[in-house]
Amino acid sequence: MTADPMIPMPFRVVRQRHELRNVVTLTLEPEAGGRFSFQPGQFNMLYHFGMGEVPISVSGDPAKRRLRHTIRSVGAVTHALTRLRKGDGVGVRGPFGAPWPLAEAEGRDVVLAAGGLGMAPLRPVLYAVMARRERYGRVTLYYGARSPADILYRKQLERWGKRRGIDVRITVDKATPAWRGHVGVVTRLMSREHFAAGNTIAMLCGPEVMMRFSAQTLNRLGVSDGRIYLSMERNMQCGIGLCGHCQLGPTFICRDGPVYRLDEVLPLMKVRGL
Amino acid sequence: MQADGSNPARVIFKEGLQVLLDRLKAAGYQVIGPTVREGAIVYRPIDTVAALPAGIVDEQAPGRYRLGEIRVGEQRPLFAHVVGPDSWKRWLHPPQQLMWRAERKKRGIVFVSASAGGQPPRALLGVRACEIAAMRIQDRVLAEGEWPDAGYRERRKGVFIVAVNCGRAGGSCFCASMGMGPEVTEGFDLALTEQVDAESHRFVVTAGSPSGQRFLDVLPGQPASEEALRRAREQTAKTAAHMGREMPADAGSVLRASLDHPHWEAVAGRCLHCGNCTMVCPTCFCTSMEERTALDGKGTERWRQWDSCFNASFSYLHGGPIRNSGAARYRQWLTHKLAHWEAQFGTAGCSGCGRCVTWCPVGIDITEEVRALGTPQETMRHDGG
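Just so you know, the sequences run in chain order A and B. The working numbering numbers the first residue of the first sequence as 1 and each following residue consecutively. The working numbering numbers the first residue of the second sequence as 275 and each following residue consecutively.
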């Protein structure tokens with residue numbers, strides 16, 4: 001972090017990886033050297049020269065020196081960011097926001113539920129869990145994507161499912177003839193058999209409707225609201241609670257979130273257009 | 275009253291006020307004060323007492339603001355007005371601010387801080403109690419959080435505040451019910467109470483800081499008598515008793531309980547979503563960032579400017595605005611100001627200045643809206659409200 005949190009730190013793209021249609025992962029290094037420390041769930045404001053800034057969750061390994069962000073091209077700034085190439089400069093402010101509850105998850109079963117690009121902010125959780133696998137109970141990832149071609153980090157997840165002690169369960173909304181896996185919404189993957197409901201921490205990331213239904217299903221399976229966490233998203237301009245854009249009722253998502261415990265935000269999520 | 279029994283307050287006259295301005299300027303301050311521009315009283319740099327709105331009074335009501343003249347005998351009071359469309363926010367949290375510059379070089383992007391330095395410290399003349407309260411509210415937001423705004427803190431730290439106790443309440447004023455005025459009690463360097471009658475035009479001046487006291491001690495005038503101080507207090511108390519409006523005491527809990535109230539649709543039907551209320555509000559702090567690139571593509575500037583939660587783009591997220599109805603946007607403004615601010619910053623976000631009431635083009639009065647929202651929903655439905 002620079003002395004003034006509003007001024008970006010200069011970084012350089014060292015790798016640009018095409019993930020899916022309109023989705024790339026940028027690997028970044030600070031021009032000044034050194035390492036970038038963050039906690040899983042935190043985000044940075046990424047700046048593209050001449051275009052502007054957007055909040056993007058960190059999607060890489062917290063133990064690694066280099067910084068990784070997975071970005072979908074949905075607007076002018078994200079489009080420009082996805083077109084950066086190796087050697088291009090980029091500005092980074094952060095890390096900001098509250099992280100996933102990894103310490104609280106120790107000694108418990110861990111359930112992750114991701115929808116679409118919501119997989120990106122949850123990947124650092126998987127890295128962190130695998131680094132200290134013995135500290136956690138059963139780890140299950142439920143991941144719903146639109147189609148087989150929209151499964152983010154597919155090869156990596158399949159590999160982790162086979163060899164790294166993570167129960168990876170993927171479903172798609174729309175299958176193709178070659179798809180042999182589950183079809184349907186992510187909640188249909190969830191089962192009591194996968195975790196000890198009374199001793200589980202769940203982390204959800206995806207569209208709000210997907211998170212609400214996932215939480216309802218987990219509730220039904222015995223996981224209480226106080227053990228369910230989710231990552232919220234709003235317009236952000238500053239990342240430090242000064243610009244006012246990311247308010248959700250009495251909270252600022254940049255400062256009090258993006259990761260919330262469900263019982264803190266559920267009443268707010270139920271109010272339309274808050 | 276000081277330990278030795280002497281009274282540090284003084285009575286000064288218009289000439290004394292000019293001496294104060296001169297001394298502030300000599301001490302390096304840029305003096306900002308109320309002055310008339312385009313039919314309204316605004317806060318701009320002033321050099322002399324002659325720039326103050328002598329004999330001007332403002333008539334205010336929901337959606338209405340008119341300047342008129344006032345005389346007391348031959349005297350023309352300088353502070354008979356209350357607050358106008360401008361606020362001190364303009365000088366402490368400016369409408370537009372350059373945050374930094376960047377250049378694209380071979381070795382990546384170079385960021386250069388646009389430091390807030392280089393501006394003189396400012397003396398603010400004519401600051402009302404509600405406006406000091408508004409500054410204290412913005413201090414909590416912009417200067418006292420985990421990530422303070424460096425520019426705001428710098429500008430705020432240097433200000434010298436010459437406050438004025440309001441001699442009358444405006445038609446939209448409700449500071450008394452917010453507990454934020456009209457008596458100036460803290461957060462000032464000097465406080466004036468203007469006393470005008472047919473024979474004389476004087477100011478009872480008290481100091482609120484050691485720095486204020488040093489200025490006060492050398493002003494031409496005379497020590498204030500107990501009688502003069504008592505009259506000043508009575509005058510301010512009378513102002514408190516004549517507030518144009520009153521905010522219900524339970525506004526925060528009313529709003530927290532009415533997020534789904536049908537009245538939001540009713541008020542949104544009147545609201546033009548113009549954002550005037552947020553622009554004139556002395557506590558509204560929301561901003562957006564803007565990229566201003568040079569034509570040659572080599573340099574760029576990052577500007578921050580006031581934004582309003584009434585703009586649809588304010589809550590834009592890929593796909594569209596989160597608050598995509600007028601009702602949702604009106605609800606955001608009012609619940610933030612009067613309910614959620616409390617949870618965020620430990621204080622109400624409203625000082626009761628009444629600007630939003632006066633400057634709303636359709637005259638929406640937030641004190642009335644809170645009362646309507648406090649009405650049980652069933653009643654609203656039956657009444658067709």
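Wrong hints could be hidden among the right ones.
Selected chain B positions facing chain A (Cβ under 8 angstroms, derived; list incomplete) [as the list claims (entries may be wrong)]:
| hint | residue |
| --- | --- |
| 1 | 292 |
| 2 | 339 |
| 3 | 419 |
| 4 | 559 |
| 5 | 560 |
| 6 | 562 |
| 7 | 586 |
| 8 | 588 |
| 9 | 589 |
Just so you know, the hints here were simulated from the structure itself, not pulled from any lab data. C-beta: ideal position from N, C-alpha, C; glycine also.
So, going through the hints one by one against the coordinates:
The criterion of a C-beta within 8 angstroms of any C-beta in chain A is not met by residue 292 of chain B, whose closest approach is roughly 39 angstroms, and the hint is violated. Hint status for residue 339 of chain B relative to chain A: violated, with the closest Cβ pair at about 26 angstroms, above 8 angstroms. Against a cut-off of 8 angstroms between C-beta atoms, the interface hint on residue 419 of chain B holds, since the closest Cβ of chain A lies about 6 angstroms away. Hint status for residue 559 of chain B relative to chain A: holds, with the closest Cβ pair at about 6 angstroms, below 8 angstroms.
Nearest Cβ of chain A to the Cβ of residue 560 of chain B: about 3 angstroms, under the 8 angstroms cut. The hint holds. A distance limit of 8 angstroms between C-beta atoms decides the matter here; for residue 562 of chain B the minimum to chain A is near 5 angstroms, and the interface restraint holds. Because the beta carbon of residue 586 of chain B sits about 11 angstroms from the nearest beta carbon in chain A, more than 8 angstroms, this interface hint is broken. Against a cut-off of 8 angstroms between C-beta atoms, the interface hint on residue 588 of chain B holds, since the closest Cβ of chain A lies about 6 angstroms away.
At its closest, the beta carbon of residue 589 of chain B sits 6 angstroms from a beta carbon of chain A; the interface hint therefore holds under the 8 angstroms criterion.
Violated hints, listed in ascending order, are 1, 2, 7; each of the other numbered hints is respected by the structure.
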